[in-house]
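Could you build the full structure based on these sequences and the hints that come with them?
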Amino acid sequence: MSQSTKSYFLPGPSFWPLIASISLFLLAGGFSMSLNKIAMGTPLMVAGGIALAYLLFGWFKEVIEESVSKHYNKQVDKSFRWGMGFFIFSEVMFFFGFFGALFYARNVSLPWLADAHGLTGAHAVWQNFSAAWPTAGPSLKLEGAMKPWGLPAINTLLLLTSGVTLTWAHWGLMKNKRNQIIIGLALTIALGAAFMYLQYTEYAEAAFTIKSGIYGATFYMLTGFHGLHVTMGTIMLAIILFRVLKGHFDSHDHFGFEAVAWYWHFVDVVWLFLFIFVYWL
Amino acid sequence: MSSTTTTHDAHGHDDHGHPTGLMRWVKSTNHKDIGTMYLWFSFTMFLFAGALAMGIRAELFQPGLQFIKPEVFNQLTTLHGLIMIFGAIMPAFVGFANWQVPLMIGAPDMAFPRLNNMSFWLLIPAAILLLASFFVPGGAAAGGWTMYPPLSVQGGMSVDMSIFALHILGVSSIVGSINIITTIFNMRAPGMTLMKMPMFVWTWLITAYLLIAAMPVLAGALTMLITDRHFGTHFFNAAGGGDPVLFQHVFWFFGHPEVYIMILPAFGILSTIIPTFARKPLFGYASMVYATAAIAVLSFVVWAHHMFTTGMPVAGQLFFMYSTMLISVPTGVKVFNWLATMWKGSMTFETPMLFSVAVVFLFTIGGFSGLVCAILPVDIQLQDTYYVVAHFHYVLFSGAAMSIMGGVYYWIPKWTGHMYDETLGKWHFWLTTIAFNVTFFPMHFTGLAGMPRRIPDYSQQFAEFNMISSLGAFALGLSQLLFLYVVIKCIRGGAKATNQVWDGAQGLEWTVASPAPFHTFETPPQVK
Amino acid sequence: MNKKAIFFLSTILGATFAQNGNAAYELNLRAPHSEIAHQIYDLHMLIVYVCLAIMVVVFGVMFYSIYKHRKSVGHEASQFHEHHLLEVVWTIIPAVILIAMAVPATKTILAMKDTSAADMTVKVTGLQWKWEYDYIGKDVKFISNLATTQDQIHGKSEKGENYLLEVDNPMVVPVGKKVRVLLTANDVIHSWSMPSFGVKQDAIPGFIKETWFRADAPGTYRGQCSELCGQAHGFMPIVVEAVSEEKYAAWIETKKAEAAAGAAGSDKEWTKEDLIANGKTVYEKNCAVCHQANGAGLPPAFPAMTGSKVALGAMWGADGKYLKDSHVDRLLNGKGVMPAWKAQLNDVEIASVITYERQALGNAATVDPIVQPSQIKAAR
Ligand code: HEM
Ligand SMILES: [Cu+2]
Ligand SMILES: [Cu+2]
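Residue numbers (this note's numbering), protein chains in the order written: chain A, 2 to 282; chain B, 4 to 531; chain C, 808 to 1187.
Any given hint could turn out to be false.
Listed next, with one range per pair, are the computed distances between beta-carbon atoms [said to hold, decoys possible]: (1) B:L484 / A:K212: 35 to 45 Å; (2) A:T162 / B:F188: 29 to 39 Å; (3) A:K71 / B:T526: 57 to 67 Å; (4) C:P911 / A:M233: 46 to 56 Å; (5) A:W172 / B:F188: 37 to 47 Å; (6) B:L487 / C:G881: 30 to 40 Å.
Straight line, CA to CA, 25 Å or less: simulated DSS-like cross-link-like pairs of lysine-lysine [unchecked claim]: (7) C:K1149 / B:K499; (8) C:K1142 / B:K347; (9) C:K1142 / A:K142; (10) A:K62 / B:K30; (11) B:K199 / A:K75; (12) C:K1131 / C:K945; (13) B:K72 / A:K79; (14) C:K1184 / A:K212; (15) C:K1184 / B:K429; (16) C:K984 / C:K1087; (17) C:K1092 / B:K72; (18) B:K72 / C:K966; (19) B:K531 / A:K75; (20) B:K72 / C:K1087; (21) C:K1184 / C:K1131; (22) A:K38 / C:K1116; (23) A:K71 / B:K30; (24) A:K176 / A:K79; (25) B:K199 / A:K79.
Derived from the structure by calculation, the hints contain no laboratory data.
In this text, a Cβ means the ideal position worked out from N, Cα and C, and glycines have one as well.
Structure (structure tokens):
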């Protein structure tokens, strides 16, 4: 056994890739159908969702088992680090696209629509439209845009604190202080859940929807995808807590923990940008 | 060396304990098998998208509407573009990366073998979605491969299918790229420093960066398109304060890096083949690396050269013109380096070298037409005409696709253990090269004279050139069946290939047997 | 091999160029007829010559090397693989050439963008699949459709000289005057392109973009829509006629008179036959692209007219107003991909085409069989 850690771990044949392919096929095909009002679509999507859940659980379980039975050497650990780092980079670029859309809309297209340069004057398509942000555009009405200093500010605090508690848990892990890890993780999860609850309240109380022009679209797209990431992150943290309880990690060997921590900090940073550019400015 | 899954290593056998038959492929975690699947997938898509192009050229053979209704014509051009780019060229390069990168850096396999197989198997649902979209009510997507709204918002269910297909392909590309980068950074044999890596590995490293940075942005653009189509958002609709041009910005922010994604690995292949047959080391290795990196960085700041006619403010127009002109400097450096590599060599012209020389020449024509398009005032005349079609086929067919063909001839002895039929290979080369030029060179003229692209019918003054193009296209299409034959023939038999295969070839892949055994470099080689 | 290839290529090219009997095809940009187009033409020639010169030098070197440095002629490979000076030189020289090209290009761009001090303004709107021209301040507004017949397109009759490049209502401008063009679109993106003037500008729905030109000689200039805009994208040409100032003034008067005559028709009582006859023309010009000349449509995107519930159903409510989702409503206001026609067709045209759709194309509506232009006028 000890020898196996010398060579790079190469997994044997696996069914998971095929299941990934089938589940995404069902999801994509089913979604296309249900968007176009074909009754078969929804059941297909549900099937795809179940397959995806099965895949995620099964595949991660396999990886965790391999990890726990010490198949992975330092080099494999490093691969995981590179892999996770680049995965987060790809996520950064995903958000970058939406932020780019927001900047473009505010700084380029809205002034243009409002004829801010006096190009077309009386011939402008939209008369009497001013580009003041927030706006739902020239032919829609925007009700009640978000204010930064209520819930969003509290949410910022929650997430920032959660970053601290998570780091505290990590210190505990480094020093093999079990209680500190568990309390730190549990606090982080609680803060994440609280964030999501507040976000949910905010959505429920909002007077505008995703259909409310460019403001509604960018607001819900950005905060929605962020919320999705917080949800994922919280679930991942819960799994890590569970693994801590099972004693999967020690002070040297805990990349699973670190990967989730990286992810959580990434989600944190995205929120800061959201707070500044979506809620505040 | 004795865990459950590495038992076969201890025995040193190739396929001990591995499923055979279909399961060998479905459950594969072997970079060579996965590479093979990628290459076959790509070839299949290449032939299919080629068949669509035959339909396009048949309709354009003469003025008037003959075979194909205009709306179906638009479906053909759209799917031809989408499938060639995402189904043929990109997977072919990933196939090369799978086969060659571990062999070239002395790694036992890719860093994440299971994810590697997932990247491949995700191509299948995407391909099914794209192909099936021809059969849904209203037919396939018809808004062009660029899918500009509002036209793409008008389309039917097939647009959704295409969008989801691209989402899935995006996941596949991102996961595949993470795998490749990790492999290159973490799995190199001892002594293989970054600046000793073969050029092909370098180009793929940079391509993978581009993919990871660009594909998520495409995913974002497509997601906004879906919500505009079905969930009432107004990203691309002025009535709600959105802007159709916003889509073009986001799309081309992905799209321009994407075109380099399709050419950098080709540069890598050329930089491998030319030194081999010149029997001389690659000239200016370091400057080649820097030029590639420079191209990659610049490729993120030139995107709006696809949008010169949208009416951007003058500052934007100037910026994007200058940056685009700038990008041709490192591109030129590469061409000069290849020439200097050939200079004073001891050259022979086997099929891979023929392809490479032709690519250098023809790609440069494409580079020059790119430069012509970069000059904004001139591009005003050329945008959305056949000139652009000529430009991107010179860089993509005679740049990317012909490099892929050259690469296949170069490495196929290592893959199959047999030499390919040199005579037929040369026939394939000459037929392809000639037919390619007959097809696409006249498009420069029709484009200059103002023939718009994406039209099923044209005015009489374009008749001669279109007929020539169509004849060339049919010949080009048929020639690829010869390629298929040569490949199959080589797999089934032929002269036994030596390990070295080409006397001038350098690199670790030539130190292993031909065909390359199922597992290679389980004990890492030492690189001096 | 090599020789054969060259021979083959040159035969093909030779055959093409020898065929001078048909002088219609061109090898270069179209003859420029505005200052900008001239500048573009010269810029293009400059770049092409520079590129050709570089090609000759660079590939001269390559083919020389291919010829001399072959193993079969016994050339031994030397092993050099670096030369810093050379590498710096071949980075700097192209950069310098590029800067030299950027200077004139920049000048032209600045000129192209300068729409100030225009003599007149025309607002051009792209629609699926035709153009609308609105002469600002002149009260002249009309639609310009493809004039080539379906028979020509489908090979049932001889194709004319300006096949696909002719319209029923060209844009007319005075020679030598600076014409500012404001562009927008109604449905999807189109692009207004006039190569002889060096103009191509996308028409973007909801936005106004501008460009300008000044025709330097009288004549008829032709261009085509240059942004994919759906199935009939290839069938929406642009024709500009540049004429003397007197002719232009006369043309404006004719257009105004036409519009007045059209409006006058609204108050007259029309017979069913006249409406159907007039409606056929309107239908074939505007509706047949989607709903097809025989009314079969292209389901599911474009519904059939024949047997259509809308085309056979009632149109007027008890209050005398048109019903929601009725035939009249659909024509005036459109729905989804179906455009709203109220701004594009006059009362007579709308009444005629509705009547035509109800009484021809295999339909014979019994409820509200015909509609009078006056009813449409009131309904607007
Ligand atoms: C010297 C380098 C290059 C320059 C300066 C350049 C410049 C341009 C410009 C200005 C356009 C826009 C033309 C228009 O739409 O009016 C364009 C289009 C295009 N280029 Fe390049 N290009 C270069 C190299 C490449 C390479 C290496 C590739 C791919 C391998 C490529 C692929 C394309 C494609 C696919 C399009 C058309 C996309 C579309 O509209 O469908 N180009 N190029
Ligand atoms: Cu580009
Ligand atoms: Cu068009």
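> Of the hints stated earlier, which fail here?
Replying inline: 1, 3, 5, 7, 8, 12, 13, 14, 15, 16
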